[in-house]
Amino acid sequence: MTDRQPALSLRLLIHLLLLRPLLRLVFGVNVVGRENLKGLDRFILAANHNSHLDTLLLFSVLPIRQILRTHPLAARDYFSKQRWLFAAVDYLFRPIWIDRVRKEGDPIEETLEKIDRGSNIIIFPEGTRGEPGQIQEFRTGIGRVVERRRDLPVVPVFLLGPERSLPKRARFPLPLWNYVIVGLPQLLKGETRDVTRSLQKSIENLALSESAQRHRRRPAKKQCFTIGVLGIDGSGKSTLSRRLALELSHSTGVGLISDSLELFEDLSPKELQPLLVEKARQWIGAQAKQARSLVRYKIPKLTELLLRDRMLDETLRWYRPDIIVMDGCPLLNMTGWATLYREQHFNEDFCAKAVRILSSGAEGLHTDDPVLRNFPELRYLKRLKLDRLHIPDAIIFVDVDPKVAIRRIESRGGRRQVHETEEKLDKLRAAYLMVCRVIERDHEVPVCRIDAERSIDVVASEALSFIELARAESRGH
Amino acid sequence: MPGGTPQFCLLVVFGVLSIVLLAGVLRPSRLSPPSYFRYLWVFFLFFNASEWISFTLAVWILALFSFQALREYFSLVDIRLQDRWGILAAYLSIPFMIYLIQIDWYGLFIISIPVYAFLIVPFLVVLGGKEVEGKVLSIGVIDFGLFLFVYCMGHIGYLSFFSTWMAVFLILAVALCDLADHALRHRAGNGWKSALFKFLAAAPATVAVSLLLSRWSTIPSLHATILGLLTPLLVLVGNFTITAIETDLGIARARLQPGRGQIIHGVKSYLFAAPVVFHYIRYFLR
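Respectively, the protein sequence lines represent chains A and B. So in numbering that gives the first Met the number 0, spot 194 of the first sequence is number 193, and the numbers just go up one at a time. So in numbering that gives the first Met the number 0, spot 223 of the second sequence is number 222, and the numbers just go up one at a time.
Derived from the structure by calculation, the hints contain no laboratory data. Hints may be right or wrong, so weigh each one.
[To be verified] The calculated PhoX-like cross-link candidates involving lysine-lysine, where the alpha carbons are at most 25 Å apart (straight line), are:
(1) A:K384 x A:K278
(2) A:K426 x A:K402
(3) B:K129 x A:K384
(4) A:K288 x A:K167
(5) A:K297 x A:K167
(6) A:K402 x A:K381
(7) B:K192 x A:K167
(8) A:K167 x A:K80
(9) B:K129 x A:K381
(10) A:K297 x A:K426
(11) B:K134 x A:K297
(12) A:K80 x A:K288
In this text, all values refer to a predicted model and were calculated from it rather than measured experimentally.
Next up, chain A with everything else stripped away, as it sits in the complex (with noise of 0.2 Å):
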């Protein structure tokens, strides 16, 4: 059985006088590889797909008898937003409908009972249109259909050029050339899988021999790795981030943000010019070291954790260092300082929704959410439009216990500041766990536990074997 066409109707005249010649006026099309579809009676298409433009440049390379015989398929949810417009792709594609939200029917069975009539598919196996520019991992549905009807050939099809002239988001289409070019014909062997991820990798290998002669922005500036040491209050944090600090220069440049801005390259410290916010951001931490009580101290240190996250704008800015490594890390310190203040609202549902307000300005939060209203000073930062402290590239928690700490500090001597109790600092490396845990899940920043206990070579040779795999890791990304 198969569906009688019409040799010629008002579709194809449609197509071939007004959506061809207007797109190849408009828009410019260049079709490589036309011939691979000449022979072919019935096929498969399967494309990437980034565009509204993708079915139409589809269209314009199909051979004029094969054109009424061609079904795209389509996302009823989307184009049914608007009715003309449903209309208009109903007509000129006949598509087969899919609905997303609904899930009436099986496509799969509506595509195979099409293709059984003799129709032609058209395919984008990515499902949705993707960022420009990219190819995401293949649905599963291409495979499906090939494993059931295993004589159809599959033609893939890489488009270059529509992600330019309409990519999802842009309000209008621009005239840019586009590029249509079709590999060869192929029977997919093997099961769902093998043959779903061998599609993907011909339309990428289509994808390389083309793209690669387009002509491309300078590349984007060096990305900075940014490494925060964090830790309680005599745990040797500020000891441990200078010492990695001055070991990672022997082949980079390394900033280091402590008490006062360092730079070292080749094992040694480099000469730098005043700047502004160090000058006020170590007046700021005096203040702080001398409150008496937790509540005059909450405002001086939250400045200077602002002032530090700062910092590491301004280093970048003057200096570029590869590599900067903080002592303690503005965003976390700050999100774990909450459990001094209002330890029975502290949990990790607060640790992650502080940091991704903190972090970035918490879009799609509700603005009664119960953490804002349990801590009004993350709806002051919000409001002040400090919420874009920065999530570093990888953490250190440098771990001690609370009784060791002590004992360093009073060995330290001078004046204790207000918070450096066993019971506060116990307290404090609990929140940092907590916030370290949160961080790694929600934001897949790597995190390193490091005993403190043991002698300073021991533990920075740890950190530095760790920082190395995550710049590994996070170039290989």
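Go by the hints and put chain B onto chain A.
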């Protein structure tokens, strides 16, 4: 419309070019005309339209051609989502400028792109997105294409408004330079020596064409000789410059594809010569 000898000459040249191109399309193995023949054909289509039908139609043919060149340029450079408004403005400045040629408003034509498009493109690019990085690059990229493929091309249109035969002289002279360049591409070495060879090869031909056409183009012999010597020089400078730009755009001269440098490669020689010849004529002869 008048049907004198000059008009028929144009028609004959157009006919010959059409036949050569058609033969190239039908029998690609037998005859493959050089790629710039196609653009010569476009220019003669423009001249014939201007002489036989109407100048209005002719300038809009040129507008379409300019659009094609600009589109190819934008297809080759790297653009970002936030530059789209600026690029749209660049496209829209083509009809704006062409309309000014059509109604012969020289004062606004000559500042249309250097002043208005020049100011509105950066505004729209900045409006397009908060990301500041790379804005200068985007604006520069858009403006450069606008000046080269719209503004320079527009001068050919305005020149033919003065007199079609002045424009015919320009196109023929540049085509002859291209021919000399093509013929000498393997013979001469690099550097100033090859440039000198090319100039010496092209200059007699361009001067001859210029003098031959001087009756119809109404350019006096002295100026015709100077223009005949000036054009090959401009083409050399233009070719030298745009060849480097072509390489940066990733245009492989060995295998030109539609949308990948075919038009840019074909019109590059005209772009530098057109404005200078236009202003020379306007200053001394109008």
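A quick look at each hint next to the structure:
1. A:K384 x A:K278: Between K384 (chain A) and K278 (chain A) the Cα gap is close to 23 Å, so the pair holds against 25 Å.
2. A:K426 x A:K402: holds, 13 Å
3. B:K129 x A:K384: holds, 16 Å
4. A:K288 x A:K167: violated, 52 Å
5. A:K297 x A:K167: With Cα atoms ~46 Å apart, K297 (chain A) and K167 (chain A) exceed 25 Å; violated.
6. A:K402 x A:K381: violated, 36 Å
7. B:K192 x A:K167: Between K192 (chain B) and K167 (chain A) the Cα gap is close to 52 Å, so the pair fails against 25 Å, i.e. violated.
8. A:K167 x A:K80: holds, 17 Å
9. B:K129 x A:K381: holds, 19 Å
10. A:K297 x A:K426: With a Cα-Cα distance of about 17 Å, the restraint between K297 (chain A) and K426 (chain A) holds, given a limit of 25 Å.
11. B:K134 x A:K297: Given that 25 Å is the threshold and the Cα spacing comes to 41 Å, the pair is violated.
12. A:K80 x A:K288: violated, 61 Å
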